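Trainee: Sequence:
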Amino acid sequence: QFVFDTETDGLNIFKCKLLGVSFCWKEGEAYYISVKDDYLKELKPIFEDVKIKKIAHNMKFDVKVLKMQGIEVSNHYFDTMIASYLLNPGSRAHKLDDLVFRELGYQMTAITDLIGKKGKGQTTLEFVDPAKVADYSCEDADFTYRLVDRLEKQLNENKLWKLFTEIEMPLVEVLIEMEMNGIKIDTEHLKKIQKKVGSRISILEKKIHKLADSDFNIASPKQMKEVLFEKLKISTEGLSKTKTGISTAAAELDKMVDRHPIIESIQEYRELTKLQSTYIEALPKLIEPSTGRIHTDFNQTITATGRLSSSTPNLQNIPIRTELGREMRKAFIAEKGNKLIAADYSQVELRVIACLSKDKEMIKVFERGEDIHSVTAAKIYGVELDAVTKEMRYSAKEVNFGVLYGMGAWGLAARKKITRDEAKDFIDKYFKSFSQVKKYIDKIKEDATEKGYVETIFGRRRYLPEINSGMQQLRASAERMAVNHPIQGTAADLMKIAMIEVYRELKVKCPMAKVLLQVHDEVVIECPSDMVDTVAKIVDEKMEKIHKLCVPIKVETEVGDNWDDMETVA
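Basically the working numbering = 1-based index in the sequence shown + 2.
Hints were generated in silico from the structure; no laboratory data involved. You can take every hint at face value.
Derived PhoX-like pairs: lysine-lysine, alpha-carbon spacing no greater than 25 angstroms straight-line:
no.: 1; residue 1: Lys547; residue 2: Lys164
no.: 2; residue 1: Lys257; residue 2: Lys212
no.: 3; residue 1: Lys539; residue 2: Lys511
no.: 4; residue 1: Lys426; residue 2: Lys362
no.: 5; residue 1: Lys453; residue 2: Lys161
no.: 6; residue 1: Lys69; residue 2: Lys511
no.: 7; residue 1: Lys399; residue 2: Lys257
no.: 8; residue 1: Lys212; residue 2: Lys224
no.: 9; residue 1: Lys381; residue 2: Lys440
no.: 10; residue 1: Lys257; residue 2: Lys245
no.: 11; residue 1: Lys360; residue 2: Lys426
no.: 12; residue 1: Lys276; residue 2: Lys198
no.: 13; residue 1: Lys287; residue 2: Lys193
no.: 14; residue 1: Lys209; residue 2: Lys197
no.: 15; residue 1: Lys366; residue 2: Lys550
no.: 16; residue 1: Lys69; residue 2: Lys287
no.: 17; residue 1: Lys332; residue 2: Lys194
no.: 18; residue 1: Lys338; residue 2: Lys511
no.: 19; residue 1: Lys431; residue 2: Lys366
no.: 20; residue 1: Lys209; residue 2: Lys224
no.: 21; residue 1: Lys366; residue 2: Lys445
no.: 22; residue 1: Lys431; residue 2: Lys362
no.: 23; residue 1: Lys194; residue 2: Lys338
no.: 24; residue 1: Lys445; residue 2: Lys550
no.: 25; residue 1: Lys276; residue 2: Lys287
Quick list of the computed label-pair ranges, beta carbon to beta carbon:
no.: 26; residue 1: Glu369; residue 2: Asp444; range: 23 to 29 angstroms
no.: 27; residue 1: Ala221; residue 2: Gly371; range: 47 to 53 angstroms
no.: 28; residue 1: Asp151; residue 2: Lys539; range: 42 to 48 angstroms
no.: 29; residue 1: Thr305; residue 2: Gln474; range: 23 to 29 angstroms
no.: 30; residue 1: Gln225; residue 2: Ser201; range: 21 to 27 angstroms
no.: 31; residue 1: Thr167; residue 2: Glu393; range: 43 to 49 angstroms
no.: 32; residue 1: Thr293; residue 2: Gly240; range: 46 to 52 angstroms
no.: 33; residue 1: Glu239; residue 2: Tyr79; range: 53 to 59 angstroms
no.: 34; residue 1: Asp563; residue 2: Ala221; range: 33 to 39 angstroms
no.: 35; residue 1: Lys212; residue 2: Asp563; range: 40 to 46 angstroms
no.: 36; residue 1: Thr167; residue 2: Lys243; range: 45 to 51 angstroms
no.: 37; residue 1: Ala221; residue 2: Pro47; range: 51 to 57 angstroms
no.: 38; residue 1: Asp532; residue 2: Lys193; range: 28 to 34 angstroms
Predicted model only: the values in this text are computed from it and were never measured. The C-beta atom is built at its ideal place from N, Cα and C for all residues, glycine as well.
Work out the full structure, taking the sequences as your base and the hints as a guide.
Mentor: The structure is reproduced here in structure tokens:
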């Protein structure tokens, strides 16, 4: 709803002060009051005036809706939802109602008070008394405006203002463009995958039923438990429990792989059915008819580390290393006459920990341009670098990334399927090779225990209330977060800065190039085929020079017709 009153005939826009804009939702779709074109014309110069600061809650959504009405909102000054997220990164309660109640002690009018609760009795705003809609709309705008001073003060007190103004708010414009750009999907390729996957699922279903010597619903956790633990008598040693008994979650199935041949078939069945429902069947339904592309939503206020997540579809969960995952990536294609450019930060989290820990050995590896995983393997196995095998490198990679997530001997033993003593010996050798990393980890845990939070290089905080818990399990979990956040959070900040810089440079020098996706440490851009070299050069330069770490930041840039079949840009 636009901010308005009903004191005179028709809807009069408040001209005295622009408080904000708010839209309401019904079952995932946006509904807003129809405003005549002449009122939109009155709003347009206000929203497009660079001198007028714009304040909103979830600005990305509001600006997109106005953009679709031909209004280019400028001066994205303050998003109260993002401010709430930075101040409370571990919380999911960033809705305006929750924020207003928490900060101002006021219970806002719920949309269901106007349109009714879900079901046949629910209506839409166009059928609600305009006076009630006006009050509801103005309340949203008014309280959004009231929050700004309070939240701005808190951001400054917590030294988050720079992060808010220089990274998070500028990123809003980038995400708006990315969501509106979307990406083209090859539906014919998906049909081929569907046929192949459907056939494999059918084979697996029969195999699982044969191994179980009974037909059962593989998707039912209850029936799965009965088959595995009662019928097949598979050992439950070391498995986690839930309220309903022994867990059959993915992590628990990993522990059972060597206990019965049925487990591997169940794991493959689950992976395939998830890919089938989440992507193979879902992607064609998500194509927007007016653009012929899918437009994923990038979530800026979800993860505690600062990383972006995505939904409808969730692109973060497409497996990269499996054959089927690569087949899925082939379905994301460039328009005719265009190419996709994928720029991926190389081992950015390990580069970050090298700098945070100031480990001289690790820093030397990156300065020499060597592969950190191969060097780690050579140190742990006591062999020359050229004698490192593929298996050795993979094991070292497990340790390298395991350390970032606070993985101990038990975790490594489970992942590598080795004994705890072997895993402990592996980790001890690792820390002997990179001794400063161990000192850094111990120090960050100590600091977190004392302060109750940890920070990235750019000041992004994560609060850890359980770090002093009397329960060992909770305390250990908080310690793992304490180790991980400065590393993964800094990598997330670097990526966001890179996205902003690349977006701005392309706008000026190559406006035909469009930023489409951001997944993990990778950015995907689409541009005309004859502009590939120019765009790739801009991307490389901007991404590698965004911030001066103690080691070089390296970007691997590839180009192709789809997201999988790519070649390194010369």
